[in-house]
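Here's the letter readout for the chains.
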Amino acid sequence: MPSLEIRDLFVALSATPDKPIVKGLTLTIRTGEVHAIMGPNGTGKSTLSKAIAGHPDYVITSGDVLLDGKSILAMEPDQRARAGIFLAFQYPSEIPGVTIANFVRAAVQARLAEGEDLDATAYYKRLYSKMDLLKIDRKFTSRAVNEGFSGGEKKRCEILQMAMLEPTFALMDETDSGLDIDALRIVAEGVEAMRGDKFGVMLITHYQRLLDYIVPDFVHVMYDGRIVKSGDKSLALELEAKGYDWIKQELATA
Amino acid sequence: MKPPSDLLAPPDALLESEVDTSVAMENPTVGIDQTAGDFTYDVKYAYDAGSGLSEDTIRYISDVKKEASWILDFRLKAYQTFLSKPMPTHWATKDLENIDFNKIRYYLSQGTKPKRTWDEVPDDIKKTFERLGIPEQERKFLAGVEAQFDSEAAYSNVKDIVAKQGVIFCNSTEALREHPELFRKWFGKVIPTGDNKFSALNSAVFSGGSFIYVPKDVKVAMPLQAYFRINAENFGQFERTLIIADEGAEVTYMEGCTAPKFSTSTLHSAVVELVALKGAKIQYITVQNWANNVFNLVTKRAIAMEDAEVKWIDCNIGSRLTMKYPGVILKGKRARGEVISIALANDGQHQDTGAKMVHAADDTTSVIVAKSISVGQGRSTYRGVVHIPKHLKGCKNNTECDALLINSNSRTDTYPAIVVRGDTHAVQHEASVSKISEDMIFYMQQRGLTEAQAMSLAVNGFVNDLVRQFPMEYSVELKRLIDLEMEGSVG
Chain X
241 MPSLEIRDLF VALSATPDKP IVKGLTLTIR TGEVHAIMGP NGTGKSTLSK AIAGHPDYVI
301 TSGDVLLDGK SILAMEPDQR ARAGIFLAFQ YPSEIPGVTI ANFVRAAVQA RLAEGEDLDA
361 TAYYKRLYSK MDLLKIDRKF TSRAVNEGFS GGEKKRCEIL QMAMLEPTFA LMDETDSGLD
421 IDALRIVAEG VEAMRGDKFG VMLITHYQRL LDYIVPDFVH VMYDGRIVKS GDKSLALELE
481 AKGYDWIKQE LATA
Chain A
26 MKPPSDLLAP PDALLESEVD TSVAMENPTV GIDQTAGDFT YDVKYAYDAG SGLSEDTIRY
86 ISDVKKEASW ILDFRLKAYQ TFLSKPMPTH WATKDLENID FNKIRYYLSQ GTKPKRTWDE
146 VPDDIKKTFE RLGIPEQERK FLAGVEAQFD SEAAYSNVKD IVAKQGVIFC NSTEALREHP
206 ELFRKWFGKV IPTGDNKFSA LNSAVFSGGS FIYVPKDVKV AMPLQAYFRI NAENFGQFER
266 TLIIADEGAE VTYMEGCTAP KFSTSTLHSA VVELVALKGA KIQYITVQNW ANNVFNLVTK
326 RAIAMEDAEV KWIDCNIGSR LTMKYPGVIL KGKRARGEVI SIALANDGQH QDTGAKMVHA
386 ADDTTSVIVA KSISVGQGRS TYRGVVHIPK HLKGCKNNTE CDALLINSNS RTDTYPAIVV
446 RGDTHAVQHE ASVSKISEDM IFYMQQRGLT EAQAMSLAVN GFVNDLVRQF PMEYSVELKR
506 LIDLEMEGSV G
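Top line first, the protein sequences correspond to chains X and A.
In terms of this note's numbering, the first sequence opens at residue 241 and continues consecutively.
In terms of this note's numbering, the second sequence opens at residue 26 and continues consecutively.
Please note: incorrect hints may appear among the correct ones.
[As the list claims (entries may be wrong)] Computed list of chain X residues with no C-beta within reach of chain A, every gap over 10 Å:
| # | residue |
| --- | --- |
| 1 | 248 |
| 2 | 270 |
| 3 | 297 |
| 4 | 303 |
| 5 | 318 |
| 6 | 322 |
| 7 | 329 |
| 8 | 333 |
| 9 | 343 |
| 10 | 350 |
| 11 | 358 |
| 12 | 374 |
| 13 | 390 |
| 14 | 448 |
| 15 | 463 |
| 16 | 467 |
[Claimed, not checked] Lysine-lysine pairs mimicking DSSO-like chemistry, simulated, CA-CA at most 27 Å apart:
| # | chain 1 | residue 1 | chain 2 | residue 2 |
| --- | --- | --- | --- | --- |
| 17 | A | 358 | A | 421 |
| 18 | A | 358 | A | 415 |
| 19 | X | 365 | A | 504 |
| 20 | A | 358 | A | 214 |
| 21 | X | 394 | A | 460 |
| 22 | A | 102 | A | 91 |
| 23 | X | 438 | X | 473 |
| 24 | A | 184 | A | 102 |
| 25 | X | 379 | A | 504 |
Honestly, the hints are just simulated from the structure, not real lab data.
Note that the Cβ used here is the ideal one computed from N, Cα and C, for glycine as well.
Chain X extracted, bound-state conformation:
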């Protein structure tokens, strides 16, 4: 079974490699599983997801990340993406002048073997069916990627790309932030539709709210750069009720 294995990972900003943000994090995600990572601001949740995806601002100072048992740390970000890792960004970039249809098409094309051409008719058919699922207007795809999008549109655009690229593992960074309840439901439905034994998710979120719609198999609490507590769905409810302070106190007394 495919797995994404994070082993005793230390991550720092490239500019300040001696100040780790992620400090010895270990976690294994298998396909078919949804892992929620929760925790207060500034504990390194976004850093973790960007480091796995290979963002140049971050440096992995020790530890390893393995996809199906093989380290991905020497791979370029695009190689990691084509290997099956998808990052749904908290703040997706705008790409002026490049339409969603063309962008996704380029991404799909990049996954084909050299010399193999994309079947345009089949591509659009698939694109439109995914858009219908996410309740996205057809006109949307002729807009430039993320340019002038509302928060909800940006997140739906991320989910649309994920649905089209069919990754093995999705790292979803605060996908619920800035979403109203209707948009949240649509996004959650998009993720739920992909759920299955060929797809694993690391879901980073502040709030329990999203977990009402995407019910996680595991919940991890991240604090000060590592996972300090793991459990099932009930842990999220406990955090919702009691906040994070009790975790901090537990750690202090341990």
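Fit chain A to the known structure of chain X by using the hints.
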């Protein structure tokens, strides 16, 4: 910044001089036929003016062409003007000083065999031909290995079709012989000989170029393409083109092609004059992709009469140094001028481009949209002149120039000179310089695109709104060219 003079000075002398005309020119010119690789002929070239420029060279050219004496006089006078004008290095790049006028061959007619073999063509050029999918036969021509690449059949076909509408589409020699009354009326009037040093040079040694006349109210449905008429290896070196759209007429002209043109000559200096009479519309599209050793110093200007519209779409990708500022003199009321400019400067290249809009009547409108991309150590410069004098009313100008820098050592400069007098005009100027952000590239890479693919896509996105205005086949080729240019920009 000091307003640039010379190339950009308002043409006060416009329409004042009268020039007498009757015969001239031998060499048809310009561009590449993309489809007609089969039409080749083994023509023996008979004349070559040798290297260097003197009165004797000019007399030789004129003699070979069996020109009327007034043309020789015109050329000789232009030569004196050329000599008297300094290099415009007080505002333009010092790189101009590297042009060695004594080493240039000013007239290479049929009879001069190319000196190069296919083995001598640089590998990167060969690779580019391959990547662009250019047919074998055409590659040799483009690389200057084969002197002859004629598409006479395709050309005469187009010519016959438009001739049914009364349109004249021919080389300038033929035009001077067959239609002197049309040619002489406008020849050298939109761009006087002394406009700048290089328009003077062109006037002295011009050879080749197109002549088009579209009669009153005739709308030419198909774009006329220069590359239907190629003959000599020096095509386009000192071309002289004149297009006249009579009242209510409409025509689109396309010059050049996206394939790199590898030339033995290192100086190309064309003069292109457009005349749009009352209510006429002219659209002139250029894709310039000279090899990176070429100085491309071109003067292009149009005159637009009452209710006329002229649009220049100008794309510069090749050459070592290009200096080109297509202009429109808005001579009649409600005339409209537009310049759409795309420039891509890679390592060792300087694209010094822009536009020039001279408002000379009430309620005239001009639009300039210029986008430049600087890659590696490439340098792009925007120079624009907008001139609206005090006595006019209701003139409008909108200028937008955007520069995109790819690498940290890329360079861009912007020199807008907008002179507006009077209080009934509306002028808008927007300029931006942007860099492709690391975050944007990472975002695209995270979707599976390589860094180079991501760069290409970002650059194509940057120029997308302008590229869409090109005819379909050009926009597709432009995209491929941008992809090629961006390949070397990363890593």
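Status of the hints after comparison with the structure:
no. : hint             : result
1   : 248              : 24 Å, holds
2   : 270              : 22 Å, holds
3   : 297              : 8 Å, violated
4   : 303              : 21 Å, holds
5   : 318              : 4 Å, violated
6   : 322              : 5 Å, violated
7   : 329              : 7 Å, violated
8   : 333              : 4 Å, violated
9   : 343              : 7 Å, violated
10  : 350              : 4 Å, violated
11  : 358              : 13 Å, holds
12  : 374              : 17 Å, holds
13  : 390              : 18 Å, holds
14  : 448              : 28 Å, holds
15  : 463              : 27 Å, holds
16  : 467              : 24 Å, holds
17  : 358/A with 421/A : 12 Å, holds
18  : 358/A with 415/A : 15 Å, holds
19  : 365/X with 504/A : 25 Å, holds
20  : 358/A with 214/A : 20 Å, holds
21  : 394/X with 460/A : 22 Å, holds
22  : 102/A with 91/A  : 18 Å, holds
23  : 438/X with 473/X : 22 Å, holds
24  : 184/A with 102/A : 34 Å, violated
25  : 379/X with 504/A : 24 Å, holds
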